[in-house]
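The opening position of the sequence shown corresponds to residue 1 in the UniProt record's numbering, with each subsequent residue numbered one higher.
Possibly wrong hints are sitting among the right ones.
Quick list of simulated restraints, FRET-style, between CB atoms [as the list claims (entries may be wrong)]:
1) Glu261 to Asn9: 40 to 48 Å
2) Pro168 to Lys95: 54 to 62 Å
3) Met154 to Gly178: 16 to 24 Å
In silico lysine-lysine, DSS-like type, Cα no more than 25 Å apart, as pairs [as the list claims (entries may be wrong)]:
4) Lys80 to Lys54
5) Lys267 to Lys227
6) Lys186 to Lys14
7) Lys54 to Lys14
In case anyone wonders, no lab produced these hints; they're calculated from the structure. Note that the Cβ used here is the ideal one computed from N, Cα and C, for glycine as well.
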Amino acid sequence: MPSSGAELNAAAAKAFTFWFDREFRFNLAEEELAVQTARGETLLATLRPVEDTKGNAGEEGVLTVTNLRCIWRSTANPRKSLSIGYYGIQGVETKEANSRLRGATEALYINSRFSSSRYEFVFTLLSRAQQRLFIVPAVWRAYESSRAYRELRMRSSMVRGGDIVLLPGEQLFTRLEGVTNVSEDKGVVGVLFTTNVRLVWYAQYSQNVNISIPLLQLTGLRIRPTKYGPALLIETSSYSGSCLLGFRVDPVDRLRELFRECVSLWKAWSMRPVLGVAVTLQAATPDAAEDGDPSNGPGGGGGPAAPPAPQPRKLDGEDVVQQVETDAFAAYYADLGQKGADRRPEFDASIGLAVERLRAGVTMRDLWTVPA
């Protein structure tokens with residue numbers, strides 16, 4: 001993040017590559033499967049053997065649970081893998097199920113939505129001695145309750161009595177009055193806060209007119225001239241709508257100081273991310289411990305005393321799905337028309353026959369292609 005705070009055209013920028021909790025990917029490269037500890041991802045549990053019942057029935061694998069996603073990887077064929085970010089998950093529950101390998105056992109059902117499509121994943125634990133799949137709903141609920149650390153928020157209850165409501169682990173560095181929000185056609189005077197997690201601004205005339213910008217979502221900081229004078233411009237990632245927000249501060253020297261402070265906080269966050277997913281898991285029994293599972297250390301273990309009840313949630317925002325081969329999605333696709341419903345037939349000139357209308361993005365050639 002190169003920067004120059006001495007000039008009015010000072011700028012700092014970096015590419016946004018934090019996709020782990022936002023996307024569903026499969027057949028990942030080795031570096032994508034690795035737990036990204038340097039970027040705030042924490043390994044919470046490793047469960048084995050686990051079967052991906054919908055996509056790879058009959059194959060044993062390892063299910064890795066982190067604070068950002070679930071990762072499944074086939075033991076026999078490491079190229080077969082899944083990464084499911086918690087952001088797209090809409091509901092999680094554990095049920096009794098039948099496995100092709102072990103008969104009656106415990107299964108984890110994950111209902112998710114990525115982009116405009118719904119998917120269902122089923123992971124079956126092949127060892128009844130462990131029964132630890134309910135760790136996943138507990139971690140997902142912790143992720144859901146900490147979205148303010150990672151998502152851009154507007155008009156929320158983040159300000160009370162003229163002061164910011166700090167999140168657990170959040171530290172306030174600066175409270176700056178007389179900051180004009182120049183993001184719209186008219187400038188609005190308000191108060192700006194800087195913390196180790198986010199930048200928060202609210203309008204002086206109403207605390208409910210506010211915005212919280214997590215440092216995670218930043219892609220650029222710069223000082224540029226506007227019709228209101230020099231201003232600090234803040235760019236956010238596509239996950240936050242690719243927003244461009246402007247804040248004017250007088251005098252210019254104070255604006256430069258604010259720019260340097262924001263760059264320093266951004267760099268510090270990037271070196272040690274604060275993601276807010278706090279999970280307390282009980283210590284596992286010796287029989288349930290696995291190699292590579294930090295169950296005997298702080299933050300790891302066999303999970304809460306009882307499986308939590310299913311908790312669906314309302315999805316907001318927009319997710320991004322990694323573009324991959326259509327046939328690989330088919331096993332997990334849960335929308336109507338994929339199963340349980342018929343589509344109207346239509347004439348296909350390539351084969352000279354009437355066929356059921358294909359889903360968007362699927363071609364007749366795809367149906368005849370056998371995946372390697």
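Do the hints match the structure? See the list:
Restraint check, Glu261 to Asn9: a C-beta distance of roughly 18 Å breaks the suggested window 40 to 48 Å. A C-beta distance of roughly 33 Å is found between Pro168 and Lys95, which places it outside the suggested range of 54 to 62 Å. Take Met154 and Gly178: their Cβ atoms lie about 21 Å apart, and the range 16 to 24 Å holds. About 13 Å separates the Cα atoms of Lys80 and Lys54, which keeps this hinted pair within 25 Å; it holds.
Among the hinted pairs, Lys267 with Lys227 is inconsistent with the structure: their alpha-carbon atoms are about 30 Å apart, more than 25 Å. Straight-line distance between C-alpha atoms of Lys186 and Lys14 comes to about 29 Å, which puts the hinted pair past the 25 Å bound. This hinted pair does not check out: Lys54 and Lys14 have alpha carbons roughly 38 Å apart, beyond 25 Å.
Going down the numbered hints, you'll see the structure goes against 1, 2, 5, 6 and 7, while the others check out.
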